[in-house]
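Note that the protein sequences, when read in sequence, are chains A and B.
Quick note: the first sequence, position 97, residue 97 per my numbering, numbers continuous.
Quick note: the second sequence, position 308, residue 308 per my numbering, numbers continuous.
Quick caveat, the hints were computed from the structure, so don't treat them as lab data.
Worth double-checking, as some hints may not be accurate.
Stated by the list, open to error - Computed footprint of chain A on chain B; a stretch qualifies when at least three of its residues, placed anywhere within it, have a C-beta under 8 angstroms from a C-beta of chain A:
(1) 5 to 15
(2) 44 to 54
(3) 67 to 78
(4) 88 to 98
(5) 109 to 123
(6) 137 to 149
Remember, predicted model here, so these are calculated numbers, not experimental data.
All C-beta atoms, glycine included, are put in the ideal place defined by N, C-alpha and C.
Number of protein chains: 2
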Amino acid sequence: MNDRPVSEQSTRIAGAARRFVEFFGEFQDLVDRAGPDRCDFIAGNPQERAIAGYGEALRRHSESDDPTWFAYTMSLPKAQAAAAASLNTLLGTDYRPEDILLTNAAMAGLAACLRAVCDPGDEVVIVSPPHFLYEPILMATGASAVRVRMREDDFDLDVEAIEAAITARTRAIIVNSPHNPTGRIYPASTLTALAQVLTAASERNGRTIYLLSDEAYNRIVFDGRRFESPTLFYAPSFLIYTYGKTLLTPGQRIGYIALRPDIPGREDLIGALTVSQVVHGWSWPNALLQHALGDLERLSIDVPHLQERRDRMVSALRSAGYELHSPEAAFYLLVRSPIEDDDKFVRLLAEREVFTMPGSLLEAPGYFRISLTASDAMIDRALPVFAQAIADAST
Amino acid sequence: MNDRPVSEQSTRIAGAARRFVEFFGEFQDLVDRAGPDRCDFIAGNPQERAIAGYGEALRRHSESDDPTWFAYTMSLPKAQAAAAASLNTLLGTDYRPEDILLTNAAMAGLAACLRAVCDPGDEVVIVSPPHFLYEPILMATGASAVRVRMREDDFDLDVEAIEAAITARTRAIIVNSPHNPTGRIYPASTLTALAQVLTAASERNGRTIYLLSDEAYNRIVFDGRRFESPTLFYAPSFLIYTYGKTLLTPGQRIGYIALRPDIPGREDLIGALTVSQVVHGWSWPNALLQHALGDLERLSIDVPHLQERRDRMVSALRSAGYELHSPEAAFYLLVRSPIEDDDKFVRLLAEREVFTMPGSLLEAPGYFRISLTASDAMIDRALPVFAQAIADAST
């Protein structure tokens, strides 16, 4: 008798997500039970009121005389046009509105792309440390993850190791630039080399290896740097974006897949992506968010202020004795744990109501992660705690 | 060389959806190109301004001083509480807030349930005519659909045929009451018999057969009838609901899965459903819709007016010579086509800018479907066209 209540495949997928689910469950409870002075650096989540103009944009599009305003909605042409125009301004590209497929933020876009191209037995290369949802999402297609470690010295892609990891079953690689949690923007030289490797391997295999480019942080860039989209270097690419970081509204799910106008197999891919969005439960963004997208595209969190936070924290943490680099982009500081057991150190901080994420959970053992989306008041309160904790650890 | 751009599994799933995708593609174009007097009876889609109070509810919850207002959102407790209270009023049940899992409407709920319980090789019984998305969604789990025809005389479930269709690999049955397109509410006697069959077959198989109850139309009920939820008769049941019909806002995705408090394997199921929602791309409803749910629960389309539309159209169509039954519930009239080729008849109507759905597409050959969500003005204009079309067909 095999009366397990749940499927074997969902048990397998749950296994890949279990440590994160447990961590979030436990730490969300700790945060909720902590006092009003708690400092929450765990995730890229808002700790302050939504940015100015956000609620107004929602309100403005909440009513219309148009009978179709809240009818079944796939990708609305005006939302596609707004996204394409903005992306072209950022990247200097020529995306057309019809190249943009609206999705329920980045994870729904990633899930749709993977389902469109992967079969059971396929392999998908992911760069370690990866986002914790990459492996569960790709496993849902029957594919398996093949990890390639980033270069430890400069956090760049290790293109030689990627080349060595590719097999006849490799169907895709997921690249995340700017990278969570290192903040690394992969340089053009690396992306050129990656494209050469993927092109050669696709030819060798007689089967295209797709590049899935998770660009959630492509507008959260510091020091006037230029963001290089990996998709510009390789035609069989999906550019996957979410507005959840730029607007710091991760509970309002909207983002897109941008297909290069010259992507091979374009019509087949659009058909398969559409079916994927259907079978994931109609994973297009809500009508309201699509109506509002032209307005939302004009908004952003205060990136210069985020950069000031980065500088302040990097400086203060270094002064206190921590080792860390100053990230080029994204939301996170990746800090060397003063003791080898980063999980233990994170728990010591949590006892003082300063909540961070252990690097061992992120495939970055020996580190812990701080999100810069914490408020300035949280940073004020936390810096002395960080200083005390490293002092205690050294004694 | 096998350089197909898309996966074999997505090609297979697309095959199951192809006729619908083609129909909607072609007919949406026809509707868009038609004049302002077009009459759109194709889908359960709004043809008039959103109901009073809907936009106001969205606006009211578009801003808050709460920093977590638009943070990562799974099921918000206040939304769970609002849904549970409303469901208990409808059904006389004792659902607790924690028994409600919010989803991006019914299709996301159905997809999550199927992924949570089905493995490749499993079979899922669906009742023909089924919703056209059931088969593509269940195929995405690796399962296959087994069709059981409804009883043709009264549109009730054919419980004997369901019993005969069950095999050792049967994992679930999807039941839709009130049923699209017949409007049938399955009676308690049928549901009792169904539960007995499912219980016996689960014991015989040593593996639970789940009942997935699609109750999208459970509040769109006519003539003061009582809706019987199939889930009240069988513990291993998922009740799946969407607000998209009751509020007639199918582009605003919110609904839920309700788990009976006594469902066997409850904790394992909740874990698997959570992972399923994650891997479908975070398929929880947007924060805004969850914040607004308490207000939205107080709203509904005008069901008595829908019933008047039903009566008016049934009477007028019968007077014109059409054969049809008066539905107990839901949005649709299922009308016998005056000529055998229902697709041809639907195209004749479409030439006169009256747009309906052919029964052959719906697994109801010889019929065509009319959605009562059309406006009264559309009905005024369409009735003479329907009358002329059957007169022409008889000559």
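request  = Mind listing which of the numbered hints don't hold for this structure, in increasing order?
outcome  = 4
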